[in-house]
Structure formats: C-alpha cells, structure tokens
Amino acid sequence: MDINIIVMAVYFVLMIAISYAFKKMGTGSASHYFRGGGRMLWWMVGATAFMAQFSAWTFTGAAGQAYRYGFTAIGVFAGNVIGYIVGWWWFATRFRQLRVDTPTQAISQRFGPKNEQFFTWILIPLSILNAGVWLNSLAVFASAVFKYDLTLTLWITGLVVLLISLLSGSWGVVASDFVQTLIVAIISVVCAVVALVKVGGPVKMVNDFPSGFFTGPDTGPHYILILLVCFVFFFVKQVQSFNNLQDSYRYLNAKDSFNAKKAALFALFLMLFGTLIWFVPPWTTAILYPDMALSHPELGKNASDAAYLVFAERAMPEGTVGLLMAGLFAATMSSMDTALNRNSGIFVRSFWTPVVNRNEAKSEHYLLRVGQTACIVNGVLVILVAQYMQSLQELSLFDLMIQVGTPGFSANHRAAILWHVYSQNTGLVWLGNRNIRSAGLLYHYPLGDGERCGGCHGADADQPRT
Numbered sequence: 160m161d162i163n164i165i166v167m168a169v170y171f172v173l174m175i176a177i178s179y180a181f182k183k184m185g186t187g188s189a190s191h192y193f194r195g196g197g198r199m200l201w202w203m204v205g206a207t208a209f210m211a212q213f214s215a216w217t218f219t220g221a222a223g224q225a226y227r228y229g230f231t232a233i234g235v236f237a238g239n240v241i242g243y244i245v246g247w248w249w250f251a252t253r254f255r256q257l258r259v260d261t262p263t264q265a266i267s268q269r270f271g272p273k274n275e276q277f278f279t280w281i282l283i284p285l286s287i288l289n290a291g292v293w294l295n296s297l298a299v300f301a302s303a304v305f306k307y308d309l310t311l312t313l314w315i316t317g318l319v320v321l322l323i324s325l326l327s328g329s330w331g332v333v334a335s336d337f338v339q340t341l342i343v344a345i346i347s348v349v350c351a352v353v354a355l356v357k358v359g360g361p362v363k364m365v366n367d368f369p370s371g372f373f374t375g376p377d378t379g380p381h382y383i384l385i386l387l388v389c390f391v392f393f394f395v396k397q398v399q400s401f402n403n404l405q406d407s408y409r410y411l412n413a414k415d416s417f418n419a420k421k422a423a424l425f426a427l428f429l430m431l432f433g434t435l436i437w438f439v440p441p442w443t444t445a446i447l448y449p450d451m452a453l454s455h456p457e458l459g460k461n462a463s464d465a466a467y468l469v470f471a472e473r474a475m476p477e478g479t480v481g482l483l484m485a486g487l488f489a490a491t492m493s494s495m496d497t498a499l500n501r502n503s504g505i506f507v508r509s510f511w512t513p514v515v516n517r518n519e520a521k522s523e524h525y526l527l528r529v530g531q532t533a534c535i536v537n538g539v540l541v542i543l544v545a546q547y548m549q550s551l552q553e554l555s556l557f558d559l560m561i562q563v564g565t566p567g568f569s570a571n572h573r574a575a576i577l578w579h580v581y582s583q584n585t586g587l588v589w590l591g592n593r594n595i596r597s598a599g600l601l602y603h604y605p606l607g608d609g610e611r612c613g614g615c616h617g618a619d620a621d622q623p624r625t
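Numbering (the numbering used here), first residue to last: 160 to 625.
Each hint should be verified, as a subset may be incorrect.
With a Cα cut of at most 27 Å, we get these calculated DSSO-like pairs of lysine-lysine [as the list claims (entries may be wrong)]:
(1) LYS460 x LYS306
(2) LYS521 x LYS273
(3) LYS414 x LYS183
(4) LYS521 x LYS182
(5) LYS183 x LYS521
(6) LYS414 x LYS521
(7) LYS182 x LYS414
None of these hints come from the bench; they were simulated from the model.
Sequences are here, hints too, so could you generate the full structure?
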C-alpha cells in the first residue's frame, strides 16, 4: 500500500481516538458538549481559536495566489494578525464574560428574541457554506494526490469530521485542534526551511521571483493603489470577522477572562508565525518549477492551487506528501468540527429551546441528544454543499473563498460589545451583499423588546464567571 495512504489512515484513527478519549468529559451536559462547560485552559482555547480560522484553503487556493502574485497573497493573513491583536486587547475577556453557551444567546440578551432568531438562521446557513468551501478545497488537493474519486474524498473526510464532533462535542474538538496545530506547525516549518535552502535564501527568492514579488505581474498605473486598497479592505474585514458575537465562541470555552486573553495572545503568535512561513514553498515553486501547472492537468484552471503539492512531490523525501496531506486534513477538519459544534449549540439554545419547547425545562440528556442530531444534519449538509461547489469549475479556490467569505451580518455583533447603553427598541443589522466585496447597507429599525446585557461588561463584569 502507498505510504501516503498509510499516513492518512493513521491520522484518521488518531483523531477519532482522541475524540473518543474525551467522550465522558464532553457529554456530561449540554453546556459541556457545546462549550466545554467554560473550563478550558488558554493553550487549548488558543489552539482552537487559531485552527478555526485556518483551513486547507491556505495550502491550496491561497498558495495558488501566492504562486501567481507573490507577496500580495499575505493580505488576508496579515489581517488575521491584526484581528487577534484587537481581540487580545479588548474583546477576548469581554466575550468570556457573556455567561452564555452560544453567540446568539448574547444577541438575545442585548437585542431581544427577534434578533436572536434572525441571526440564528443567518449564521447556520453561512457557516455551512464556509465549511463547504473548506471541504471542497481539501478534496481538490486530495484527489490530485491519491487519484481517488473526488466525491469519495468528500464523504470520507466529512464523515470523519462529523464523528469527531459528534462523539465528545467541544472537548473532542478542542483536543483534536491542539494536536492538529502541532501537525500543521511541523509540516509548515519543514517545508519552508527546505524551500529556502533549495532556492538559495530569502533574498534570492525575492529577486528571482518570475513576476514582481511585491507588486505582482500587473504594473499598470493604478495597480499599486488598488493593491493598497485591497490590503486595507482585508485588514478591516478580518478585524470585524474575528471580533463579533458570531465568533465569540472562540473564547466562551475559556476557564476565565485571564485564560481567554492569554488564548488570544497564543493564537496571535501562531498566526504571525504562520503568515511568515506558509507561502515560502509556493513562492519558491514559482522559481524552481515554472512548469508546475503541467504536473496536474486534471485540475484545469485551478492547476496553480497545487503549488504545495508539486513542491512536496519534487523537493521533499518520499512520504512527505502523506504528511502534507495530514496537515491539510488537520486544517480543514479543525474548521469543520468547530462549525458543526457551534451550529448544534446555536440550534438547541436559540431555536429548539425557545421556539419548539417554548422555554419549557428539559433534561440535559434530552438537550444533548437534540444537539447531537443537529450536528449530524449539519455535517451531511456541509458534504452536500461541498459536492455542489465542485460544479463551479470556472472559479478558482481563492475566488470561491473570497466570494463566500466577504463580510456581512456582523455590525449588530460589534455594536453589542462596544455599546453598553443601547435603545430597548432598536437593533442594527448588517445586510451584506455577498457578491459586492466592499458593500453592505446598514439598516436601523425597531425589532421588538431587546434587553441590555449586563454580562458583557459593566455592573457585574468583575463577578466570577461560570
């Protein structure tokens, strides 16, 4: 059997075993299943906060962009660094002080149940779309490596991720994320070091890059200005993407505010370190292997997305491709299992309990089973969405990710944290046009009986959190 397939099989077994080991801790109650009961330490929370923003798209779509355009590809990831800095400075501790299991519960406390339902049925579908992009980008890469049917790759990976999230909930997700962080770090560092040695050092890499390393191939009169505008856009987009109630789940798991802030700092370090080394292999591939696109003609217009794969095949020892694939699977699985766990929590706390059960008291065992059922449904939907995205061959993985990931629906989330005093009858909703990258209309209208949330900051911000 191919050694690369053996490596992947061992990796899958390891991830499932880790999830099973945390089953008892993750299924004690619904709160333990959705956010670990708020008992996790900074290094666990920081690893999952980092991995939740990380996917195989980094090694495929973004790597293809780096192969073609050089340094400009780091714009998104530089924005990630700024986002974590802002989170460490202000938001992490306040998110931990919300006293909720899901982000939509905080929206309900601050803006009322109508806004809670609105965002519940915005966040769940959008997170399914994002997870579908992650799984799709992984399948493109894996099918080129193993020569397996793309649909089979989607289903195997999707079902393994579903099993990890289903068995032990948030504890299994966070534990597997920490191990996956180690895998990604090792693969990234080794490939970057080998790439720099082969090309002759960073200075030679910059000088020998086929097109302008810092400006890209297009040097028209307005290109630099457009490039700067794009960088600013990515900074703003990533800061708001990291620091809103939708993504507050990153820190809800933390044991206390101190651990939440330290987790943000740990994630910041990982993202800064990763941004400096992730794109070294595709940059050097553009120099060392200019015929790279011919290596995998089955990818068609997306051939440049296999820049990492070609580097591992030609420049690294036998078996490295399997390790690289383990890193890619780790990146995608960490993002997907986090999304599945969060969605099941939102469904139970913000829809099933208030709408279906009409806030009638139910046992923790009952809510746990409802959450697990929601997790299964979400997992299957993610796989089906990824299959559909395979038909969009005219879009590269980079373009697909950007179109799905453009900002929207988060002004309300930021307002809830930044504004302590807010009208009881007013809400802010950001209706972002997903097809116009810089767009969004800010609507101001009454949405019912919103209540202020004392748990964000203020009167009881210094009280012990549970």
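Item to complete: Below or equal to 27 Å on CA atoms is what counts here, so check LYS521 against LYS182.
Response: holds (22 Å)
* Is LYS521 close enough to LYS273, meaning Cα to Cα at most 27 Å? -> holds (22 Å)
Check: Going straight from one Cα to the other, do LYS414 and LYS183 come out at no more than 27 Å?
Finding: holds (19 Å)
* Asked: Taking 27 Å as the top limit, are the C-alpha atoms of LYS460 and LYS306 close enough?
  -> holds (18 Å)
Quiz item: CA of LYS182 to CA of LYS414, is that 27 Å or under?
Solution: holds (19 Å)
Q: Assess, step by step, whether the Cα of LYS414 is no farther than 27 Å from the Cα of LYS521, and give holds or violated.
A: holds (26 Å)
Q: Please work out if LYS183 and LYS521 have their alpha carbons no farther apart than 27 Å.
A: Holds. LYS183 to LYS521 sits at ~21 Å (cutoff 27 Å).
In this structure, every one of the numbered hints holds.
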